[in-house]
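Sequence order for the protein chains is A and B.
According to this note's numbering, the first sequence is numbered sequentially starting from 77.
According to this note's numbering, the second sequence is numbered sequentially starting from 10.
Treat the hints with care, as some may be off.
Estimated spans, in silico, between C-beta atoms of each pair [to be verified]:
#, chain 1, residue 1, chain 2, residue 2, range
1, A, 578, B, 239, 36 to 46 Å
2, B, 89, A, 93, 37 to 47 Å
3, A, 93, B, 133, 24 to 34 Å
4, A, 525, B, 154, 47 to 57 Å
Covered stretches of chain B (in silico footprint by chain A; criterion: 3 or more residues with CB under 8 Å from a CB of chain A, positions within the stretch not fixed) [stated by the list, open to error]:
#, region
5, 77-86
6, 249-260
Capping the alpha-carbon separation at 16 Å, the derived lysine to aspartate or glutamate pairs in EDC-like fashion look like this [unchecked claim]:
#, chain 1, residue 1, chain 2, residue 2
7, A, 556, B, 59
8, B, 61, A, 558
9, A, 256, A, 459
10, A, 167, A, 192
What the hints contain is simulated information worked out from the structure, not anything from laboratory work.
For each residue, glycine too, the CB sits at the ideal point set by N, CA and C.
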Amino acid sequence: MEKNILDKIREALLLSYLSRKWIVTMFIVINLVFLVIGLNWQKAYSSHTTIYIEEENILGPLMQGTAVQTEVVDRGRMAREIIFGRQIMMKILELGGWMKNEPTPIEQERLMKEIESRTEIANVGPNLVSISYKDSIPERAYSITKGFADLFIEGSLQTKVLESQAAFEFIDKQVMEYEKKLKESEEALKKFRTENVDFREGAEIEVSRRITQYRSNIEDITQQLREATIRKDTIESQLSGETETAVGLSRAEQMRSRIAELQSNLDVLQLSYHETYPDIIQIKNQIIDLKNSLVEEEERRKKERKEAKKRGEMYIDESIRANPIYQQLQSELYQTKTLIATLEVRIRETEKLLVEELERDRRINSAEATLTSLTRDYNVNRDVYQDLLRRRENARVSMNLDREHQGLSLNINEPAFYPHSPSGPRFLHFVIGGFVLGIILPLGVFYMRQQIFPRIYNKDDIANTEGLLVLGELSHFTTKNELLNNKREIITLSSITFAILLTIIIISIQRYFISE
Amino acid sequence: MSNIENALIKAKSEDKKKISDYPTTDNSLIPSDIGQMVENELVDNDILEELKIIHQEMQNRKLFNEFRALRTLIMQKIQKENISILVYSVITGGGSSYISANLAAAIALDNKKSALLINCDFKRPAIYEQLLEDKTGLIDFLTEDMDIGNIIHPSGIKRLRVIPSGEMESSFSEHFTSNKLKTLFAEIKSRYNDRSIIVDSPPASEVADIKLLMETIDYALLVVPFGKCNDESVRHAAEIIDRNKLLGIVINNKQQLFE
Chain A
77 MEKNILDKIR EALLLSYLSR KWIVTMFIVI NLVFLVIGLN WQKAYSSHTT
127 IYIEEENILG PLMQGTAVQT EVVDRGRMAR EIIFGRQIMM KILELGGWMK
177 NEPTPIEQER LMKEIESRTE IANVGPNLVS ISYKDSIPER AYSITKGFAD
227 LFIEGSLQTK VLESQAAFEF IDKQVMEYEK KLKESEEALK KFRTENVDFR
277 EGAEIEVSRR ITQYRSNIED ITQQLREATI RKDTIESQLS GETETAVGLS
327 RAEQMRSRIA ELQSNLDVLQ LSYHETYPDI IQIKNQIIDL KNSLVEEEER
377 RKKERKEAKK RGEMYIDESI RANPIYQQLQ SELYQTKTLI ATLEVRIRET
427 EKLLVEELER DRRINSAEAT LTSLTRDYNV NRDVYQDLLR RRENARVSMN
477 LDREHQGLSL NINEPAFYPH SPSGPRFLHF VIGGFVLGII LPLGVFYMRQ
527 QIFPRIYNKD DIANTEGLLV LGELSHFTTK NELLNNKREI ITLSSITFAI
577 LLTIIIISIQ RYFISE
Chain B
10 MSNIENALIK AKSEDKKKIS DYPTTDNSLI PSDIGQMVEN ELVDNDILEE
60 LKIIHQEMQN RKLFNEFRAL RTLIMQKIQK ENISILVYSV ITGGGSSYIS
110 ANLAAAIALD NKKSALLINC DFKRPAIYEQ LLEDKTGLID FLTEDMDIGN
160 IIHPSGIKRL RVIPSGEMES SFSEHFTSNK LKTLFAEIKS RYNDRSIIVD
210 SPPASEVADI KLLMETIDYA LLVVPFGKCN DESVRHAAEI IDRNKLLGIV
260 INNKQQLFE
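Chain B with its partners taken away, still in its complex shape (with noise of 0.2 Å):
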């Protein structure tokens, strides 16, 4: 991914002083209309799809189309604006990352809506977090005294932002049970009001790290890698989630003979 990394550097470079522009009070926080919210440097769209995150203008109309059918689907059965899903894979590796970073970029395709993507897995790295300078976190919001501003990074793709895990700590999952996450959802809610959160969440295998975030997190949204699982497995990670609260699955990575 080295590719990747210099040419985002770069990118970043050449616009310094558009990024130095940016205002270190989070704009973006200030409740008002979604159409004044301050945008960094947008990513060239190569090294979206190198970090297989979709587009606009990507060749691959079909994937881009099956993300915006699922987008839709998803809004028309929830009906609802200020939305939080829950993104969980079946396995470690099954592709939470990729469908939650997507989904929300499907999301932030409406010019009216906007999309936070929050990232829960401290234990795995998500790719989308190479688009990021700034890694300053969720984990170092819920640790140490800091402004809600400090951890919510714009992506370069339009409307959507981004909180990173932050610094990788290994009993992090009990600060999920603190008022502060709670705090932080709220608030993150209200400051838009058409803003959906998506949580890249860990594997259905950390059951109880889930079902914390599950207290403050409206849906979820299950992941089942193609040809990684089976039929048990998959029963087993939706038992996890109230039904009411899941909305349904997703196969993920599905491939086609000599495609």
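Okay, chain A solo, but in the shape it has when bound (with noise of 0.2 Å):
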């Protein structure tokens, strides 16, 4: 059965109180821990100051876009760099007597570290820094924070000052080195235009006009060299052996015609004459050499068509040549073939010039190129420098303005105030939490006990044991003796009790006094 949060509280309670003893000596332990603690504890008084960081001031409008103000961002965070830093420390430790002892390095490291954790710094508001410190020794307290406060401001108008001056050393760095780059791109300006002298302003125009040119008349040449080519071929053709028996007879032909005009004679006298006529016999004669001659011919024709044929060259008959077509024929084949060559040297020599062009062309873009980025680093480098030499002359007056202590003006808002009581847990804080303790702390341990261990105090407690009947719950036994000593236990241990309560608040009322 689950138990409700009063069972549990009253099951602690009666644990506790079975447990007097050991319940009371923790109450009276603890108490007086506590009040030991409270009379050992260390008075920290406190004492503050807040100050007044004022951005604008009067130079501000006045220099607007000549100076730069340098602006204090994180003013807590600045005010922490400059009072933890080690020269105002050494002041601190100084101002707080600690140096009279002259600690060691380690030791002023130590004391250093106890006064920054004792210290506090916040922004309390946007233009407002409040510095508290802690210390034992009230008078310290005040003249430490004090002493903060005012080494805080001379600090921060010498960071200012030191920070402009960065700034503008910054600046002037940079103006000569952008000078310097400057002038080297001036140089190589100048070394550019001595290398390229051919190149000038729409040179590429031209170049490109005069390749449109040479393709074109490439393309022309081509053109006629074409027509010509096919002309010869044509005039070729005409001149070959297949119009050779159409352009005139042959010696050949001529001397089988003069055969056949002999046999013709030949038939006529022999009708009228016999054999032995001499004119039959002339005119036999005449047809035998003709027909010799006729086989020397053809024979001699065979050998040069085949010489030829070998040479590769077109045979032509010499009749054919004495024929006045022919002569024409060949005129007109060596013109075309001179034509031919004229165009062929033509198409070289503007092919050539085409080329040259070409690689001129590409001259003049790489060198174009190379002029647009020299061209553009001399612009950035002007531009920039030019702009440096301004800001370099904001920061002067920036600089200057800072060294007059007119950029960033500090004043004490809240002077630091003497802690006439001290901060922090008080006595009677440790008495009343050692009480208060003291009876939560037992408690809670018997109530976490009972949780964490849970035992057996009545039968519903039982719940493992299925049909097992819980006879009865019996009571304690007390005898009269048990009785009679728990009487005087509870005597005893209430008198302890009241006693160390009553020395605690007669400490108490003491301790209040004497400090009041």
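Could you fit the two chains together into a complex? Lean on the hints.
Set out below in structure tokens:
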């Protein structure tokens, strides 16, 4: 059966009552421990101051755009950095009298850490920084807080001067660098112009135009060449063996015609005369001679044709050569061949020119990219340089402003005060704390014990023995002696507790009056 | 407890004559009516209260009635005569001696019934043994040749007899196996018609002893001390005994806030 919280508390209280010796002992020990701590607790006196940091001043609007005012963004952080710096902390150590004992550097470090842990620096408003410091001695709490404020103001102004000076020096260094870069850019441009004399404005267009012209020329000449070649081929085919017969009779044909003619004459004569007739004999001889000559002629022609074929030339019969048409064709062929040769030379020449122009075009393009790059570098450097020159002058003015302490004004808004009463937990807090904890802690321990290690206190606590009957819950048998002892014990414990509490109260009252 | 002992010695010396008249052979063992039982000099109520044993005139009626109610409940549950009940605790010091003595005393309140309390927890002394002058007990009976009458002692409480543990012996539990123990129980039961035997047993941690004893004992009662053990240990202790033989649980020494 689940117990409710009241049952649990009741059980814890019962356990506590049964263990009353422990409870009282714990109560007394806790109270005494708190009393001792309270008695030995070092009183802390706290003092604080606030500093107003004025961002704008009269010079701000006047110098708008000319002087850049150095801004203090996180004032709390800046204050911490300045105050906890070694320089100020050493002064604080002297101010607080810690240096009288001549501490070693390690001890100094430790003291600084301690002071740092007792100091709180925070932004309390947009322009307000508060510095709080705690110390066991009220005088020292006051003097150190005041010292912090004074040294912070001094340090801030110093920091601001150094900051604006550093800014000026930085810009000045940059100006020098850009001046050097600008000079280098100018030199590079000059050198380029010297090296690329023929590179002038509009050269690219001219080259482009020429390239187009050359390409057009090449196309024209190629066309002409193609036409001439066709013409040449036509003439050559006209002059070839196939047209030979059409051109005119060859010598062999003439011979055959003569033979036929003589044969005809012979036939006529043979009709009238005997074979022995001289004319017939003469004619016959002529025919024989002619036939022989014809054979020879054919042989010669065959031979010549073969040779011509071997040479790869067209064979032209002599008879044809003598032909006036042939001669005319031949003349034309020569003219065409001359034309072809001329055109071929022209193409080569034009192509050479085209290559040269293309090369020039490439050179011009490359030079132009280089020139663009060099010009851009030069322009950028010139612009940055001019800007930096202006900024350097602004920085110079800002630096002078800060030197004159015109850029930032720091005022103590709330001066450090002398703490009359200590801050933090007081003696009474420890006494009350001890009393409350002395009651709560032991009860809590018993409550937790019952939570973690539950024990059986009544029949409802027995859950796992199903079907098993709880026959009875038998009360504690208190004998007369036990009763007496219990009474004695309770009286003794109460007396001790009362005595301790009384002592604590008396000490508290004494302490209160002493501190008052 | 020295004051209790002194009181007892004083009471006994004053009535020495009466005690000497007490027969050497235990008349109580003669099977006869309970009313004829020869009683020893009765113990003073103050002494009984110091020994935490209930009596008719005690002022704490609540506790007195709680024990009476327990007795009645057990009797109603069993509804048999001549019963034997083993009383064992979940942990050592859980109050089995206290419960067994008071249960026996509660049974003996009824003048028609008698009770015999046997201390079988040899390792731990029982407070009720302070009632006895002669401590000859169970071990002596089992180890020596002895008459039963020599170990059954009147307690100074009407109708309540006690068998103390006797001389302590470390390996005594081995004797629980002997037939002599069974014979003893059988004989004791047969002597009176309505005699209840309450056995004060070792705690649940001594499982073997309890199991051996339960071979001759009819029922068992588990004592759970108040605020000293958890649910788990109660379950383990209950598992030792056969569920049919286990009468139930009693929570001992229950305390109330600002009692």
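Going through the hints against the structure:
Distance hint for residue 578 of chain A and residue 239 of chain B: a CB-CB separation of about 42 Å, consistent with the stated range 36 to 46 Å. Restraint check, residue 89 of chain B to residue 93 of chain A: a C-beta distance of roughly 42 Å satisfies the suggested window 37 to 47 Å. Between residue 93 of chain A and residue 133 of chain B the beta carbons are some 28 Å apart, a value that agrees with the proposed interval 24 to 34 Å. Residue 525 of chain A and residue 154 of chain B have their C-beta atoms about 54 Å apart, which keeps the hinted 47 to 57 Å range intact.
Counting residues of the region 77-86 of chain B whose C-beta sits closer than 8 Å to any C-beta of chain A gives 4, which meets the bar of three, so the coverage hint holds. Counting residues of the region 249-260 of chain B whose CB lies closer than 8 Å to any CB of chain A gives 7, so the stated coverage by that chain holds, three being the minimum. For a cut-off of 16 Å, the pair hint linking residue 556 of chain A to residue 59 of chain B stands: about 7 Å separates their Cα positions. Of the supplied pair hints, the one linking residue 61 of chain B and residue 558 of chain A holds, its CA atoms being roughly 11 Å apart against a limit of 16 Å.
Among the hinted pairs, residue 256 of chain A with residue 459 of chain A is consistent with the structure: their alpha-carbon atoms are about 14 Å apart, no more than 16 Å. With a C-alpha separation of about 14 Å, the suggested pair residue 167 of chain A and residue 192 of chain A falls inside the 16 Å cut-off, and the hint holds.
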